[in-house]
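*Asks:* Please assemble the complex out of the two chains, which come individually in their own frames, going by the hints.
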Amino acid sequence: AQKVTQAQTEISVVEKEDVTLDCVYETRDTTYYLFWYKQPPSGELVFLIRRNSFDEQNEISGRYSWNFQKSTSSFNFTITASQVVDSAVYFCALSEASGTYKYIFGTGTRLKVLA
Amino acid sequence: NAGVTQTPKFRVLKTGQSMTLLCAQDMNHEYMYWYRQDPGMGLRLIHYSVGEGTTAKGEVPDGYNVSRLKKQNFLLGLESAAPSQTSVYFCASSHGTEETQYFGPGTRLLVL
Chain L
1 AQKVTQAQTE
11 ISVVEKEDVT
21 LDCVYETRDT
31 TYYLFWYKQP
41 PSGELVFLIR
51 RNSFDEQNEI
61 SGRYSWNFQK
71 STSSFNFTIT
81 ASQVVDSAVY
91 FCALSEASGT
101 YKYIFGTGTR
111 LKVLA
Chain F
1001 NAGVTQTPKF
1011 RVLKTGQSMT
1021 LLCAQDMNHE
1031 YMYWYRQDPG
1041 MGLRLIHYSV
1051 GEGTTAKGEV
1061 PDGYNVSRLK
1071 KQNFLLGLES
1081 AAPSQTSVYF
1091 CASSHGTEET
1101 QYFGPGTRLL
1111 VL
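Protein sequences appear in the order of chains L and F. Numbering of the first sequence is given in my numbering, commencing with residue 1 and proceeding in unit increments. Numbering of the second sequence is given in my numbering, commencing with residue 1001 and proceeding in unit increments.
Since the hints were made in silico from the structure, they are not lab data. All values derive from a computational prediction rather than experimental measurement. We put the CB at the ideal spot given by N, CA and C, even for glycine. Treat the hints with caution; some may be incorrect.
Only part of the chain F face toward chain L is listed, based on derived beta-carbon distances under 8 Å [claimed, not checked]:
hint : residue
1    : Phe-1010
2    : Leu-1045
3    : Pro-1105
So here's chain F without its partners, still in its complex pose (with noise of 0.2 Å):
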């Protein structure tokens, strides 16, 4: 029972360039997360999903897509980065809206 997974765990990037992070669960979880983490201002929920094939946006959704193919994995797109989105980006899940969220390891990103 791995939890929550993040792939990749570093990148670097060059302004313009586009990637993708994956983040898997193996907790039969319905509900996902996209956090990003920066100094000084805690976690801000950047896009969710509250099952197969629904997304909906968060506090910072731009700059950033998001696909639910599989309820399993939930994956965070940027499509032509831009250094202000250095930052550690977390995936999380949950059973419920109002149920405990469990976090993965973290993507550290840095766009030059």
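In isolation and in its complexed conformation, chain L is listed as follows (with noise of 0.2 Å):
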């Protein structure tokens, strides 16, 4: 069955540290896709990136960088040097292939950065 993990509920950081955002997926299709989102508190839900199976590259986006591992089934999110505006829920998804693509979603891991 499917079934996405975000094990941190919540994390303190102070301003520039790094962070990073565990993920983990479970999933019997070889042909999925991942998706990170970014929900500040005015609530919005802002998409961060995707990312399919057959594509392993790590991608790097400014502050953001985005650690996919089969073999861990993990597909992990980093901020480096983060910022007060990095402060939101992040949630990671998932969408199969045999599951006509409906997302499954993480319970989500709300970021806190400190001043």
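*Replies:* Here it is as structure tokens:
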């Protein structure tokens, strides 16, 4: 059965620290997609990244980077030199070909960046 | 280009009342979705639509109905609201099933 686990409920860091948000997924499909979304205090859901199961290259976008490892079924998200504006809830999601690509969300990780 | 919009932003209902939440998208997306977000539970899919005139049940469909009469609109109805339906409701849309879903700003619903 498909499942997404974000074991870190809440993380607090001091500004400029690096922080990694963990995402572990379960799927039997060979074709699937993984996503990260950010939900700032204002409440909207902001798309950050989409990764397909055939592309294990890590990705970097500014201070954000993602580490996709199929061997450990993980898709972790790192923020380098965190800023107060990074404070938000971050969701990881999985969509599978066999599930008609419906999203399965993790329960989210609340990141607090302290000045 | 407004993306995905939701109406209303906030609503208070009494138990047993009915209401309709409206979602509109201007990206010409085929697929539309309704989710609810509850504390500690992430987002759960209520209903979705793969095209105009079609709808399907998601993970938590009970107590809700939907309609997709126009491609750009997806309506979520509560016929008889219950306190358990107090939640934040998000609409999303995408080009295809495997494509990225883009979310609306959410509707906060409180059922007393």
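*Asks:* Hints the structure violates: just list their numbers, smallest first.
*Replies:* Hint 1 alone not satisfied by this model.
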